[in-house]
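Peer 1: Here are the chains, one letter per residue:
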Amino acid sequence: MTTTHLELTGVDIEFPTPKGSFKALDNVNLKIKKGEYISLIGHSGCGKSTVLNIVAGLYQATKGGVLLDGKEVNEPGPERAVVFQNHSLLPWLTAYENVELAVKQVFKGKKSKAEMKEWIEHNLELVHMTHAMHKRPDEISGGMKQRVGIARALAMEPKVLLMDEPFGALDALTRAHLQDSLMEIQNELNNTVIMITHDVDEAVLLSDRIVMMTNGPEATVGEILEIDLPRPRNRIELADDPQYNHYRAAVLSFLYEKQRKPEESDAAAKPAKKEKLARNLQNDTTEETTGAVSTAETTTGNDKVKAA
Amino acid sequence: MSQSSTNLFSPVLAIFQSENPGASLLGFFKQLIMPVIGILVFLLIWDIGAKNIHTSLGTFPGPVQVYEQTLGLIDEHQAERQKEQAFYERQEQRNAKKLAKNPDAKVKIRPYTGKPTFFDQIGTSLITVLSGFVLASLIAIPAGIMIGLNQPLYSALNPLIQLFKPVSPLAWLPLVTMVVSALYVSKDPMFAKSFVTSLVTVSLCCLWPTLLNTAVGVSGISKDLQNVSQVLRLSFMTHVVKIVLPSSIPMMFTGLRLSLGIAWMVLIAAEMLAQNPGLGKFVWDEFQNGSSNSLGRIMVAVLVIGLIGFMLDRVMLQIQKKVSWDKTAVLR
Ligand SMILES: Nc1ncnc2c1ncn2[C@@H]1O[C@H](COP(=O)(O)OP(=O)(O)OP(=O)(O)O)[C@@H](O)[C@H]1O
Ligand SMILES: [Mg+2]
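So the protein sequences, as listed, match chains A and B. Under this note's numbering, think of the first position of the first sequence as 1, with each following residue one higher. Under this note's numbering, think of the first position of the second sequence as 1001, with each following residue one higher.
To be clear, the hints were calculated from the coordinates, so they are not data collected in a lab. Keep in mind the model is a prediction, meaning the values are calculated, not measured. Careful: at least some of the hints might be erroneous.
[Stated by the list, open to error] Below are the DMTMM-like pairs computed for lysine to aspartate or glutamate, each with C-alpha atoms no more than 20 Å apart in a straight line:
id: 1; chain 1: A; residue 1: Lys258; chain 2: A; residue 2: Glu218
id: 2; chain 1: B; residue 1: Lys1321; chain 2: A; residue 2: Glu218
id: 3; chain 1: B; residue 1: Lys1327; chain 2: A; residue 2: Glu218
id: 4; chain 1: B; residue 1: Lys1327; chain 2: A; residue 2: Glu75
id: 5; chain 1: A; residue 1: Lys135; chain 2: B; residue 2: Asp1326
id: 6; chain 1: B; residue 1: Lys1327; chain 2: A; residue 2: Asp138
id: 7; chain 1: B; residue 1: Lys1322; chain 2: A; residue 2: Asp228
id: 8; chain 1: B; residue 1: Lys1223; chain 2: A; residue 2: Glu218
id: 9; chain 1: B; residue 1: Lys1321; chain 2: A; residue 2: Glu139
id: 10; chain 1: B; residue 1: Lys1223; chain 2: A; residue 2: Glu223
id: 11; chain 1: A; residue 1: Lys34; chain 2: A; residue 2: Asp228
Only chain A is shown next, with the shape it has when bound in the complex:
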């Protein structure tokens, strides 16, 4: 379990653009263990999707590379299933048929027809989509589409599950609901997961480790935060958990203090309250290494972040 399962080593990528080449990623290094749940977080445009696409094999690194179980990744394949941001279901197929397409592709010759049917239905059951499995994507809601997308990826029994903002387009309630479903499924299957997110709560709630990326261009891994919270996790209980809030503050500090968006740092006149908050957050992160955090400090920090 402790051996490296997926490894990114010195990954650079340059995109050719009309104005010359654009270096989006610079020396990205990451080691992921089997069964680990990793979140990638960072400002928009920093290169999260690019990292994911490189792992998926959809993009090729200019320098460095990706090893999965010691084998180099250089093309897409079903052992690295992707859940796309906008579901990417085939609109002319029903939920069942969408999953079926993937299952047929992966288990051709390995499962009988009846076994495949059972497997498809099992995976749709996992995401609670049994009731609408014969509906087409335009007949189901956004959250349901995302569920089917997840079922499709799970049904491929991938070594690594890659998710690009799987809940980004959903409302808060649906998102919370799907996060809970995902945690349940993850408890059962213990997949290796890389998930991109913009949502700090989502990252802390779901992950074993949060990988925070610096701003682009030439983005790279800034900090990695280990989330040592017992599972199964419950969002309501965690809301008052000092440890949870401490992690949350650490991520916020990275995003809004250390990796402030350029346009934000340009704003010359900053309110004093914000300065103070920033200092507060900084304290949290430094203390994070020592492990001891006072409850009062983090909760106030947290409240102020909400207010800001």
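Could you slot chain B with the ligands onto chain A? The hints should help.
Peer 2: The following block gives chain B with the ligands in isolation, referenced to the frame of chain A:
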């Protein structure tokens, strides 16, 4: 295709589908009133205009003359059919007598070779246009898919497509005629040479819209779906069948409908020029004939050509609705 004519039929359907016939009857008249006014005004202007145009073959036919000529053409057709039947009956009687005298006698039935009527010509034209269209589609759809999937191939073929696309059928016709008579030589030809010539000309001209639209549709497949296909490692055939074809169906049908419209127009011109059997030849023959009825009969042909073109497009629309996966899309 004209939109008013589409709406002309929809209210009729609405009545049958409605649960409240009284209310929809009112809606029916409301919807119908503008198209009817349009047609009446057209008939009026036509009538007045026609009376004031004097040609060497008499005054230009108005609506009334055209109606009379239509009846005349129907009578002619029925008379011809009766003649044909009588011809075959006579032969059968003769053969029966022969066999009665000598059971070993060889009997045969000669085919009837009367002059094709207006309705025979319509049939010929329809068969030709559909054959040419099907042939063109069988070439254009696979070719369009290949070109759409393969950017270098597209770059290589695009100049040629752009060059041949605007060529008028009349320019192709002499070449096609010569090539067909040179290459299509067999003692017992399955199809008449004239049929093959018309068919090839029609195909050559109506190939392009389907080819180009299919190619554009195929190359416009969303990046997400292409990624899905890559992640699943779909084989080329599965990729085409499951992803390429369904997502390019709307563009493909836009092309097919344009193609069928062009095919129909081209066919009439080709028949006229090449004297190949069909509606075009009917028009030309009437023009050469130059009787006092000729202009009226040509006018009947003009209206029938328009009507058939319209119906062909409606048929394509129905097929499109049938195969389209997106039943919510508004198609017209
Ligand atoms: N195919 C491409 N060609 C050129 N530039 C690209 C390409 N893909 C991404 N980029 C650039 O690389 C950078 C990172 O893009 P990426 O999509 O990975 O960002 P992201 O972190 O996923 O952003 P978001 O959170 O908004 O999805 C951006 O500046 C983008 O413009
Ligand atoms: Mg992205």
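Peer 1: Going through the numbered hints above, which ones does this structure break? Give me the numbers in ascending order.
Peer 2: Structure breaks hints 2, 3, 4, 7, 8 and 10.
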